[in-house]
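S.K.: Single-letter residue listing:
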Amino acid sequence: MNNKPLLVVEQLSHSYREGRETRPILNGIDLQIAEHECIALLGRSGSGKSTLLNMLAGIDTPQGGSIRVMGQEIHKLSERERTLLRRRHIGFVYQFFNLIPTLTIAENVGLPLELNGYPEAEISRLVGFILSDVGLGNRWAAFPDQLSGGEQQRVAIARALVHNPAIVLADEPTGNLDEETGKHILGMLLGLSKQLRRTLIIVTHSLEVAQRADRILTLNYGRLSEQGELHW
Amino acid sequence: MVGGRLWRAGYRHQRRHAWQTLLSVLGIALGVAVVMAVGLANQSTNRAFELTMEQISGRVTHQVLGAPAGLPESLYRDLRLAHPDLPAAPVVEGQVELAGEPFTLLGVDPLSERPFRSLTRGRDGALLQRLLGGESGILISAYTATRLQLEKGDEISLEIAGRQQSVRLMGLFGDPGAAVVDGILVADIALAQTLLQQFGRLDRIDLVLDPAETSNLEEWLPAGFKLVQTRQRTDAMANMSHAFQTNLSAMSLLALLVGGFLIYNTTTFSVLQRRRQFGIMRLLGATRREVFRIIMLEQLLIGLVGTLLGLGAGILLARELLHLVTRTINDLYFALTVSRLDLSAEILLTGLLLGLLTTALAATAPAWEATRSQPHTVNRRSEIERRSHRALPWLLSIGLLGIAGGWLLVQGSERSLLQGFAALFCFIMGYCLLVPTMVPPLARLLQYPVQGLFGSIGRLASRGIDATLSRTGPAIAALTLAIAATIGMGIMVDSFRGAVSQWLSRTIQGDIYVSAPESASKRASAALPEGLPERVRQIDGVGEISTGRHVKVESDNGPVDLLAIGLASTSYRGFDFKSEPLPQLWQRFAGGGIALVSEPYAFHHRLGTGDTLDLLTPDGNRTFTIGGIFQDYGSDRGLIVLPREHYQALWNDPSVTTLGIYLASGAELQPVLTRVRQATGQADQPLRVRASREILAHSLEIFDRTFTITRVLRLLVIAVAFVGILSAMLALQLERAREHAILRATGMTPGQLLGQVSLQTLLMGLMAALLAMPLGWLMSEILIQVINLRAFGWSMPAQLNPVILLEAIAFALLAALLAGLYPSLRMARTAPAVALREE
Ligand SMILES: Nc1ncnc2c1ncn2[C@@H]1O[C@H](COP(=O)(O)OP(=O)(O)O)[C@@H](O)[C@H]1O
Ligand SMILES: [Mg+2]
Numbered sequence: 001m002n003n004k005p006l007l008v009v010e011q012l013s014h015s016y017r018e019g020r021e022t023r024p025i026l027n028g029i030d031l032q033i034a035e036h037e038c039i040a041l042l043g044r045s046g047s048g049k050s051t052l053l054n055m056l057a058g059i060d061t062p063q064g065g066s067i068r069v070m071g072q073e074i075h076k077l078s079e080r081e082r083t084l085l086r087r088r089h090i091g092f093v094y095q096f097f098n099l100i101p102t103l104t105i106a107e108n109v110g111l112p113l114e115l116n117g118y119p120e121a122e123i124s125r126l127v128g129f130i131l132s133d134v135g136l137g138n139r140w141a142a143f144p145d146q147l148s149g150g151e152q153q154r155v156a157i158a159r160a161l162v163h164n165p166a167i168v169l170a171d172e173p174t175g176n177l178d179e180e181t182g183k184h185i186l187g188m189l190l191g192l193s194k195q196l197r198r199t200l201i202i203v204t205h206s207l208e209v210a211q212r213a214d215r216i217l218t219l220n221y222g223r224l225s226e227q228g229e230l231h232w
Numbered sequence: 001m002v003g004g005r006l007w008r009a010g011y012r013h014q015r016r017h018a019w020q021t022l023l024s025v026l027g028i029a030l031g032v033a034v035v036m037a038v039g040l041a042n043q044s045t046n047r048a049f050e051l052t053m054e055q056i057s058g059r060v061t062h063q064v065l066g067a068p069a070g071l072p073e074s075l076y077r078d079l080r081l082a083h084p085d086l087p088a089a090p091v092v093e094g095q096v097e098l099a100g101e102p103f104t105l106l107g108v109d110p111l112s113e114r115p116f117r118s119l120t121r122g123r124d125g126a127l128l129q130r131l132l133g134g135e136s137g138i139l140i141s142a143y144t145a146t147r148l149q150l151e152k153g154d155e156i157s158l159e160i161a162g163r164q165q166s167v168r169l170m171g172l173f174g175d176p177g178a179a180v181v182d183g184i185l186v187a188d189i190a191l192a193q194t195l196l197q198q199f200g201r202l203d204r205i206d207l208v209l210d211p212a213e214t215s216n217l218e219e220w221l222p223a224g225f226k227l228v229q230t231r232q233r234t235d236a237m238a239n240m241s242h243a244f245q246t247n248l249s250a251m252s253l254l255a256l257l258v259g260g261f262l263i264y265n266t267t268t269f270s271v272l273q274r275r276r277q278f279g280i281m282r283l284l285g286a287t288r289r290e291v292f293r294i295i296m297l298e299q300l301l302i303g304l305v306g307t308l309l310g311l312g313a314g315i316l317l318a319r320e321l322l323h324l325v326t327r328t329i330n331d332l333y334f335a336l337t338v339s340r341l342d343l344s345a346e347i348l349l350t351g352l353l354l355g356l357l358t359t360a361l362a363a364t365a366p367a368w369e370a371t372r373s374q375p376h377t378v379n380r381r382s383e384i385e386r387r388s389h390r391a392l393p394w395l396l397s398i399g400l401l402g403i404a405g406g407w408l409l410v411q412g413s414e415r416s417l418l419q420g421f422a423a424l425f426c427f428i429m430g431y432c433l434l435v436p437t438m439v440p441p442l443a444r445l446l447q448y449p450v451q452g453l454f455g456s457i458g459r460l461a462s463r464g465i466d467a468t469l470s471r472t473g474p475a476i477a478a479l480t481l482a483i484a485a486t487i488g489m490g491i492m493v494d495s496f497r498g499a500v501s502q503w504l505s506r507t508i509q510g511d512i513y514v515s516a517p518e519s520a521s522k523r524a525s526a527a528l529p530e531g532l533p534e535r536v537r538q539i540d541g542v543g544e545i546s547t548g549r550h551v552k553v554e555s556d557n558g559p560v561d562l563l564a565i566g567l568a569s570t571s572y573r574g575f576d577f578k579s580e581p582l583p584q585l586w587q588r589f590a591g592g593g594i595a596l597v598s599e600p601y602a603f604h605h606r607l608g609t610g611d612t613l614d615l616l617t618p619d620g621n622r623t624f625t626i627g628g629i630f631q632d633y634g635s636d637r638g639l640i641v642l643p644r645e646h647y648q649a650l651w652n653d654p655s656v657t658t659l660g661i662y663l664a665s666g667a668e669l670q671p672v673l674t675r676v677r678q679a680t681g682q683a684d685q686p687l688r689v690r691a692s693r694e695i696l697a698h699s700l701e702i703f704d705r706t707f708t709i710t711r712v713l714r715l716l717v718i719a720v721a722f723v724g725i726l727s728a729m730l731a732l733q734l735e736r737a738r739e740h741a742i743l744r745a746t747g748m749t750p751g752q753l754l755g756q757v758s759l760q761t762l763l764m765g766l767m768a769a770l771l772a773m774p775l776g777w778l779m780s781e782i783l784i785q786v787i788n789l790r791a792f793g794w795s796m797p798a799q800l801n802p803v804i805l806l807e808a809i810a811f812a813l814l815a816a817l818l819a820g821l822y823p824s825l826r827m828a829r830t831a832p833a834v835a836l837r838e839e
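The listed protein sequences correspond, in order, to chains V and S.
Here the first sequence stands for residues 1 to 232, numbered as in this note's numbering.
Here the second sequence stands for residues 1 to 839, numbered as in this note's numbering.
Worth double-checking, as some hints may not be accurate.
Footprint (simulated), chain V over chain S, 3 or more residues, beta carbon under 8 Å [stated by the list, open to error]:
hint	stretch
1	12 to 21
2	282 to 295
Residues from chain S shown here face chain V by an in silico Cβ test under 8 Å; the list is partial [claimed, not checked]:
hint	residue
3	G4
4	R5
5	R8
It is worth saying that the hints were derived from the structure and are not from the lab.
Please read all numbers here as calculations on a predicted model, not as lab measurements.
Backbone N, C-alpha and C define an ideal beta-carbon position, used for all residues, glycine too.
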């Protein structure tokens, strides 16, 4: 395994204001992630996992510390440059509200490709491939509300991977699903990103999934610990 | 490049919310239609005026004018002898009716016409020959002939000063395809004099004059005549109706403003509805600029469709408005026939730009807001609401600044009409920004009574308004503006009518009035038969009489209406002075040298009590001191009043135009009326004898007629507002489909839901109506105290008719109720699961 760090986080800290009080969420996080690594991020609900992931994706800016993605200091980039970086190199799967309801499955999956300027022919080819990879090859014309929750999440995974991003961020992608479906989806996500050699950071509550990751990190009281105790 | 998928998402969103999109389109279409229609009507009248003037004036540079009685033909002869090389043409001009339309009858001398006008040349080369050969008849433009289906050789019937006269249509002038000339009849000067019954008199002498020669000619002219520049004259005439037209344009812009608010509101909704989507797009790497652009393009497309529809509807509407505008101009200013819409590329382009610009302005803020959608906050509704509550102090300050700016604008100038309109705009925008800040306290205030009346459903309904301020704020602001506009215009028209009606009953002091029918002359009203006042005075039951002579005289400031009055003992009460008149006014007035001027005249020419003004009499200029400035709504150009004995002596004109009869004490109206009718019926011309009641009613009828256009505009603004309310409420409630589904799922019956939704929309309608009242009142104050004064020179007290306020409340509630109905019915029909499932 190549050990060049793809993602470097140093002394990251962040707190939210709630009325007059400030509540620290992240408190001096250090983290290095190498290419093709698969990380499981654990932590109690409300511990700041989503906050951390949003910062890595450049959609939220930390109050302290720095994040380097593929050699670029995120906080030194303009909003536009951050967006372009995300568009090119990051795939994202959310717990819910992933898909655009007015676009078909194929259109949803094709969106990142289009934003990256792929020609239409290439888009339909890639979308076709990835949709059959997630087992939805025959549902491309459906709209999201015609799919089950599990199927929707598979579409989201396809969309997160379709443009070959270096990093895939998944924030509790199965939190909304029943256990059986969840397991299936997670297996698919892990398998696909391994197969496609993507770097994956997945927030999960499932130990079983965590065990299949290269590393397990736990977020606890604003700090990150490797292989730490799980408190939930 | 903005991609096809973002487009498709937007397009499908609009299709799924077709109602909302449709109302958006309708709002902008109505706004543009109103602006277009008014613009087209104004432009068409102006164009018709220009064309008519061009035909009548031709290459004339100067005119010789005289006293109301006109110029003696001898003056023309003398001029010809003294200046044989000077191109000069005698003209007789009068007002006649053909087929119920006003026409200008132009009497010309075919021999001297050549350097001036092309009227007698026409297509018919032999026309001049035939005129010279003594053939008699009138000419009409080829365009008018086609329009009225007249042919050469037809006998046509003209109505002149109340009498029907038959003349032969001798020929046509002008090309049917050339610039449209309408509303002009041409005759040989002798025929015109016969028709108009002004033998031996001319109305003016037209000249083509080198500027160097003017002083020469002025010296030559005998006293009592005046040399004026034609250009100045036509400009002054065109100016007469400009204030009226500017007001129409401003009111039409109000409709567009309401339409713009509508777009703003629906765009805000459609963006808020899609916050999540935009969040996802941003997450996937769509830049802010891309998101902004896609929304702007989408809204501009909607705006474009609306604008194009509006242009079409505007043209249709313009045909109707043109009729109203022309009628008002004919009633108030001058005779003009406008039979054709003047559709130019410029005005269409202006309409297009206005529509798109309004859309762009209205969509910018919501589109910008959309670029700030962040995926990690999309499901935090409280975050949006927190942010909108945090914006309140800003809105408050900017709103107050706007109002302060409006106030400064009003104070900054006493006369600028444009500044008046700018101030109005500032007040409106400022107030609309304040509206969202007033919603939370108002909601709290209403919560208790509503809860008391409707229980928990009531509480839910009122709490929901404050809790979703980001949506309800703009919606209520839009409603407020719409309702306020109707209130403001309503109060204005009402106050105007009230003031006119009061003024009329004060001015019309006599019991019976006798007058000649409409005059054919543009300079003097038709005179009553000689000796009539004396005969009437003998009639049993007649106490006193007052006499009036209405003419147009020349002043330093151009032509002005003059009323010479012989007052009855109580006539003085008819004058209401706007400021303290000179001491012992009536004594001095009777003594001569004193003129009373009307408020608009004093305003337009910046005159005050004690100032002087010059009037042209047959013996040359005479200076008068202004004894007082009185209220008068008869003309927005102004009126000068002199005592009749002095007028008669100075202008050598013993004629009387109107006779006011005051009943002797104890006399009954009806028998006296009958006796007066008998006495006047013997005259050889038909006279009008009317009780003061009839005159009052007739005058108010004319007033109402001239204000029809304003009323129509108000109705159009109401229509736009209605669409606005409907769409705002509809969007709001449809957006809550999910929330409603949850309520249904937790056990609320469809009936209860219907109740809750209706209650909420009603509450919002009520809030808007309440908030609209101060704004409506403010708008009417500005319309009355600033706009009307600056445009017309009329001041008047504001009159608040409660009916207008009740109307506004009823209108707001009705619209709100209607808007609440559809979403709740739809919700009641859908299974909650389906709604929950929809994003
Ligand atoms: N925009 C925000 N404003 C205020 N508090 C926030 C905001 N976003 C997150 N929080 C708070 O920060 C904490 C961490 O949130 P999050 O990162 O979503 O936790 P996790 O994903 O681990 O469950 C939570 O207590 C949450 O309420
Ligand atoms: Mg989370």
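S.K.: Is the shortest C-beta separation between G4/S and chain V less than 8 Å?
M.R.: holds (7 Å)
S.K.: Are there three or more residues in the stretch 282 to 295 of chain S whose C-beta lies within less than 8 Å of some C-beta in chain V?
M.R.: n = 9 at 8 Å, threshold three: holds.
S.K.: R8/S was flagged as interface toward chain V. Is the shortest Cβ-Cβ separation under 8 Å?
M.R.: holds (6 Å)
S.K.: When I compare C-beta atoms, does the stretch 12 to 21 of chain S have three or more residues closer than 8 Å to chain V?
M.R.: holds (count 3)
S.K.: Holds or violated: is there a CB of chain V closer than 8 Å to the CB of R5/S?
M.R.: Status holds, d = 5 Å.
Every hint from the earlier list agrees with this structure, and none is contradicted.
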